[in-house]
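Protein chains: 2
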Amino acid sequence: MPEPIPRPRSIIDISRLDTGSTFRGLAYAALKRAICAMDIYDQPQEIRLDERRLSQRLGVSRTPIREAMTLLEQEGFVRTRPRRGIFVVRKSKREIVEMITVMAGLESMAARLAAERAGKSEIAGLRRLMTEFRTGNDADRLAEYSDANIAFHQAIIRMSGCALLAEMTENLFIHMRAIRKITIHQDNRAERSVLDHFRIIEALEVRDPELAERLARDHALGLAAHVEQHGDFLDAAASIDVVPAEAGTHR
Amino acid sequence: MPEPIPRPRSIIDISRLDTGSTFRGLAYAALKRAICAMDIYDQPQEIRLDERRLSQRLGVSRTPIREAMTLLEQEGFVRTRPRRGIFVVRKSKREIVEMITVMAGLESMAARLAAERAGKSEIAGLRRLMTEFRTGNDADRLAEYSDANIAFHQAIIRMSGCALLAEMTENLFIHMRAIRKITIHQDNRAERSVLDHFRIIEALEVRDPELAERLARDHALGLAAHVEQHGDFLDAAASIDVVPAEAGTHR
DNA sequence: CCGGACGCTCTGGTATACCATATACCTAGG
DNA sequence: CCTAGGTATATGGTATACCAGAGCGTCCGG
Numbered sequence: 001m002p003e004p005i006p007r008p009r010s011i012i013d014i015s016r017l018d019t020g021s022t023f024r025g026l027a028y029a030a031l032k033r034a035i036c037a038m039d040i041y042d043q044p045q046e047i048r049l050d051e052r053r054l055s056q057r058l059g060v061s062r063t064p065i066r067e068a069m070t071l072l073e074q075e076g077f078v079r080t081r082p083r084r085g086i087f088v089v090r091k092s093k094r095e096i097v098e099m100i101t102v103m104a105g106l107e108s109m110a111a112r113l114a115a116e117r118a119g120k121s122e123i124a125g126l127r128r129l130m131t132e133f134r135t136g137n138d139a140d141r142l143a144e145y146s147d148a149n150i151a152f153h154q155a156i157i158r159m160s161g162c163a164l165l166a167e168m169t170e171n172l173f174i175h176m177r178a179i180r181k182i183t184i185h186q187d188n189r190a191e192r193s194v195l196d197h198f199r200i201i202e203a204l205e206v207r208d209p210e211l212a213e214r215l216a217r218d219h220a221l222g223l224a225a226h227v228e229q230h231g232d233f234l235d236a237a238a239s240i241d242v243v244p245a246e247a248g249t250h251r
Numbered sequence: 001m002p003e004p005i006p007r008p009r010s011i012i013d014i015s016r017l018d019t020g021s022t023f024r025g026l027a028y029a030a031l032k033r034a035i036c037a038m039d040i041y042d043q044p045q046e047i048r049l050d051e052r053r054l055s056q057r058l059g060v061s062r063t064p065i066r067e068a069m070t071l072l073e074q075e076g077f078v079r080t081r082p083r084r085g086i087f088v089v090r091k092s093k094r095e096i097v098e099m100i101t102v103m104a105g106l107e108s109m110a111a112r113l114a115a116e117r118a119g120k121s122e123i124a125g126l127r128r129l130m131t132e133f134r135t136g137n138d139a140d141r142l143a144e145y146s147d148a149n150i151a152f153h154q155a156i157i158r159m160s161g162c163a164l165l166a167e168m169t170e171n172l173f174i175h176m177r178a179i180r181k182i183t184i185h186q187d188n189r190a191e192r193s194v195l196d197h198f199r200i201i202e203a204l205e206v207r208d209p210e211l212a213e214r215l216a217r218d219h220a221l222g223l224a225a226h227v228e229q230h231g232d233f234l235d236a237a238a239s240i241d242v243v244p245a246e247a248g249t250h251r
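As you go down the protein sequences, you meet chains V and D in turn.
The numbering of the first sequence is this note's numbering, which starts it at 1 and goes up by one.
The numbering of the second sequence is this note's numbering, which starts it at 1 and goes up by one.
It cannot be assumed that every hint is accurate.
Chain copies aren't distinguished; within one or between two, either way the pair holds.
[Stated by the list, open to error] SDA-like cross-link-like pairs, simulated, lysine to any residue; straight-line CA separation at most 20 Å:
1) Lys93 - Arg117
2) Lys93 - Gly161
3) Lys120 - Arg158
4) Lys181 - Glu95
5) Lys93 - Ile174
6) Lys93 - Ala166
7) Lys32 - Glu73
8) Lys32 - Glu75
9) Lys93 - Glu167
10) Lys32 - Gln74
11) Lys91 - Gly161
12) Lys93 - Ala163
It should be emphasised that the hints constitute simulated quantities derived from the structure, not laboratory data.
Predicted, not measured: the structure shown is a model, and the values here were computed from it.
Required output: the full structure, derived from the provided sequences and hints.
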């Protein structure tokens, strides 16, 4: 049978209409983006979210909002206290340190796998990413190093070829990003970080899983130690949350 | 009825009553338990859940059920397909291997921390746990080794003192448990496992973080390799659900 | 003038009604 | 007898109404 029906699809190339876009998913994305956009740790007071107000603003009913909130709560971005409100969570120093510790475990495993399995071109791309940044390492661009930093770490994760690693670190990165913006300015951490990164790249290039793993782990644990030592402002800010958010909301 | 309440709070410390009191939490717990109870990988066909039926059976409305489903879906236990149903997810071999890989990363970090920070009595307790099991290591009790195994690994996690590690591995353990029940019977894995465990305990006792980390990692990666090699039955079973899905080339 | 009890209001939790569509079955036409 | 199209039903998604409890202001009594 030489093509009785020769690809009828090719005639009308109907794009896949996204049946997956549901209000819940939309609300989830919007809220998560909003939360990530605000620099949580710069805000002086706790931020409260109101289901009804959000549903009005987004133009949907409370139901999808609530389901999105349920997701965000499980991910640790908000905390809902019955009959009191939904609050954006600010992590304590201890929690941040734990996050970085977990990150260290996952990232070192990713580095190990990357050293074993990553393609040559991927590693080359990683080096290029960091080299490009290095050339433009002015003080002006220090701010955007935070993003380059995240990009580097995410690249390592991706190069491990383990989708679950990427999935499990996704939310960690979000919190990490907020923290980096602050710690990056302390103690010459940016330069040290760049150095560490190049060492990791070298380990990948020579295909040394043990070394790559160790370097990645120590790099992350170094950050953990740094936060442990200099991150007290995190807890200091968190103590403010006793203040009712947006005190003037009543009428 | 202006009866002055004599502050029962200060007398009895019943604080965690409201934790499970919400219907959503209740439904979530019930559903998760039910899903864990059934051996997912023994079931021949996909299992479908019906919101309305469940709400009737549990005696609550659909709303809390849906929110619980939302959580379970994010955790990867179910998958809901609009207008078709909610299905219990069966992980593919690849996904299981990735889970074990992630586990390796987290658990090796936990072992490292445990070697550094765990109390002497905790380590002693861990040894006791395994020793007790060893004495009763009949073939009859092989079945319950699966649970002892999980208990060992969870103990390591707990001894790390990192709550987030425990939280992030919680769901991994659930899937792992189902897998262990099968792999444990293959290839003398039970005995090897016990040996590995004792080596890890020894590393903790001599406070050698590097060694503990390496042993824990290799132990887990060994399981990953084993599943990679002998876990094809996972995909075989999973392929059943592909039939009705059938990407719809026509129709 | 001060304090405590009452009650208003706002908020998340729950129940229920309705909607759009995937699936299955049924019917009519060849 | 077989296939195409219509229709009934089932199922997840969404909107809305109501409930109970926590804050906070107010009012009355001392």
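Evaluation of the provided hints:
no., hint, result
1, Lys93 - Arg117, "between (35 Å within a copy, 19 Å between copies)"
2, Lys93 - Gly161, "between (31 Å within a copy, 15 Å between copies)"
3, Lys120 - Arg158, "within (14 Å within a copy, 39 Å between copies)"
4, Lys181 - Glu95, "within (17 Å within a copy, 34 Å between copies)"
5, Lys93 - Ile174, "within (15 Å within a copy, 29 Å between copies)"
6, Lys93 - Ala166, "between (24 Å within a copy, 18 Å between copies)"
7, Lys32 - Glu73, "both (11 Å within a copy, 18 Å between copies)"
8, Lys32 - Glu75, "both (10 Å within a copy, 17 Å between copies)"
9, Lys93 - Glu167, "between (23 Å within a copy, 17 Å between copies)"
10, Lys32 - Gln74, "both (12 Å within a copy, 15 Å between copies)"
11, Lys91 - Gly161, "between (30 Å within a copy, 17 Å between copies)"
12, Lys93 - Ala163, "between (29 Å within a copy, 13 Å between copies)"
Of the numbered hints listed earlier, not one is contradicted by the structure.
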